[in-house]
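Engineer: So the chains spell out like this:
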Amino acid sequence: MLGAAIIVFREVIEAGLIVGIVMAATRGVAGRGRWVNIGIIAGVLGAAVVAMFANVISEAFQGAGQELFNASVLGAAVIMLMWHNAWMARHGREIADEMRRVGTAVSEGAKPLTALAVVVGLAVLREGSEVVLFLYGIMVSGTSVSSMLAGSALGIAAGAAFTALTYFGLLAIPNRYIFSVTSWLIALLAAGMAAQAVHFLNNAGWLVAFDRTVWDTSWLLSEGSVLGRFFHALIGYTERPTEMQLMVYAATLIAMFALMRVARPAPRPRLPAAAE
Amino acid sequence: MRTFLILVSTVAAMVLAPASLRAQDVTITIKNHRFTPSEVKVPANKRVQITVVNDDPTPEEFESHEMKVEKVIPGKSKGVVRIGPLAPGRYPFFGEFNQATAKGVVIAE
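Protein chains in written order, with our numbering: chain L, 1 to 276; chain W, 1001 to 1109.
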C-alpha cells in the first residue's frame, strides 16, 4: 500500500508543484480558480485518453512516440510559461498596484490565465497518464487491489496537500515581491522542462548531439527520491545532465529574461500632478 | 525575431539527427513482472536500442536513473528504449510499477 502511495505521490508532485506556483503567480487575478480547475479537469480527461491510447502512442514513430509526445507537451508548456512571464512583465506592476489599492482581485488579465490553464492541463496530462496506467495495472492484475487503491488515493491526497503547501508557502511572500519570485520560479520551471524535453528527444534518437554527461550528482541527491523528484520538478534537477541539456537550460533562461525585458513597459516619466 | 527563428532552425537542422541512426539491438521481455534476460550485455560507448516486450496484461514502466530512461510499456505491447553511449560499467534498471520483482542490469563493456 505504501509502495503504491509513494509511486503515485511521486507522479503527482510535479503537477502539484506547478499548480501551486501558478495559483501564487496569478494571485489577485479574477477568475483564476476557474481557469486552474478547467486546466486540471482537462488534464485528467486528457490523461485518461492518453493512457487509453498508450499502445498507439508508444508504437508511433518507430517506438519513439512516447518520447516525442512528452517532448512536445513539455515544449508547449515552456512556450506558455514564456508567454505568461512576458505578459506579467508588462502588466504585473498594474496588477500589484491595483491589488494594493483595492485589496482584492482585479478583473484584468484573461490572457495569462488561458496560458497558465494550458500549462496546468499539460502538467496534469503528462503525470496523470502514468498514474492512470499504474491504477489500470492494479485493476487488471487483481492482486491486493483494495490496499493498492487505498495507497494510490493516499498518494493523490498527499500530492494535493503538497500543492496547498506550495501555494500557501508562496502566499507568505509579501505582495511587493510575489510577482518577481513567481517569475523566477516560472523561469526555472520552464528551463527545467526544456532540458527534460531535450532528454526525451535524446531518448527518441532525434537529438543526439552533445550527449556527453557533464557531471553525476546521484551520490548527493538521487533523482528517484522524493526530494530529488521535487527539485527535478522545481528547477529541473538532473543527476546526470548532458551538455545539450545544460545548454538548452541556460538558453531558455536567457530567452525568458530577454523576453521579459523586451515586454517590460518603458518607465513612465514622473509628471507633475497637475499635468495628469 | 526572424533572425532568432533562422538561428533556431539552423541549429535544429544541425543537431537533429535522422531517426534512422542505426544502433545495436537488444530485446528484453517482461513476463509475470520479471525481466528476461535480467542481465544484458551491451557494447560500451555506443548507442544501443533495447526493445522491451511486455507480455503481461498490465502496463510497466521501464526505468533506470543510471541510464536516464523512463518509459511506460503498455500491457501486451512493446516499446523501444534508446540508451548510451555508456561508459563501461553496470547500469541497473527496474519496472517502477512492480519494483519488488522487476529488476535487471545492463552491463556495458
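No wet-lab data here; the hints were simulated from the structure. It should be emphasised that the depicted structure is a prediction, and the values quoted were computed from it without experimental measurement. Any given hint could be a false lead.
Unchecked claim - Negatives, chain L to chain W, calculated, CB over 10 Å:
id: 1; residue: 31
id: 2; residue: 42
id: 3; residue: 134
id: 4; residue: 147
id: 5; residue: 168
id: 6; residue: 227
Claimed, not checked - For each label pair, taking beta carbons as the anchor points, the in silico distance ranges come out as:
id: 7; chain 1: L; residue 1: 144; chain 2: W; residue 2: 1109; range: 37 to 45 Å
id: 8; chain 1: W; residue 1: 1034; chain 2: L; residue 2: 175; range: 19 to 27 Å
id: 9; chain 1: W; residue 1: 1032; chain 2: L; residue 2: 215; range: 44 to 52 Å
id: 10; chain 1: W; residue 1: 1109; chain 2: L; residue 2: 210; range: 23 to 31 Å
id: 11; chain 1: W; residue 1: 1055; chain 2: L; residue 2: 180; range: 35 to 43 Å
id: 12; chain 1: L; residue 1: 31; chain 2: W; residue 2: 1090; range: 48 to 56 Å
id: 13; chain 1: W; residue 1: 1107; chain 2: L; residue 2: 219; range: 15 to 23 Å
id: 14; chain 1: L; residue 1: 56; chain 2: W; residue 2: 1037; range: 40 to 48 Å
Ideal Cβ placement from N, Cα and C applies to all residues, glycine included.
Engineer: Hint by hint, say whether it matches the structure.
Structural biologist: Quick rundown of the hints versus the structure:
| no. | hint | result |
| --- | --- | --- |
| 1 | 31 | 31 Å, holds |
| 2 | 42 | 21 Å, holds |
| 3 | 134 | 5 Å, violated |
| 4 | 147 | 14 Å, holds |
| 5 | 168 | 31 Å, holds |
| 6 | 227 | 14 Å, holds |
| 7 | L:144 <-> W:1109: 37 to 45 Å | 40 Å, holds |
| 8 | W:1034 <-> L:175: 19 to 27 Å | 56 Å, violated |
| 9 | W:1032 <-> L:215: 44 to 52 Å | 38 Å, violated |
| 10 | W:1109 <-> L:210: 23 to 31 Å | 25 Å, holds |
| 11 | W:1055 <-> L:180: 35 to 43 Å | 53 Å, violated |
| 12 | L:31 <-> W:1090: 48 to 56 Å | 54 Å, holds |
| 13 | W:1107 <-> L:219: 15 to 23 Å | 21 Å, holds |
| 14 | L:56 <-> W:1037: 40 to 48 Å | 28 Å, violated |
The structure does not agree with the numbered hints 3, 8, 9, 11, 14 stated previously, though it agrees with the rest.
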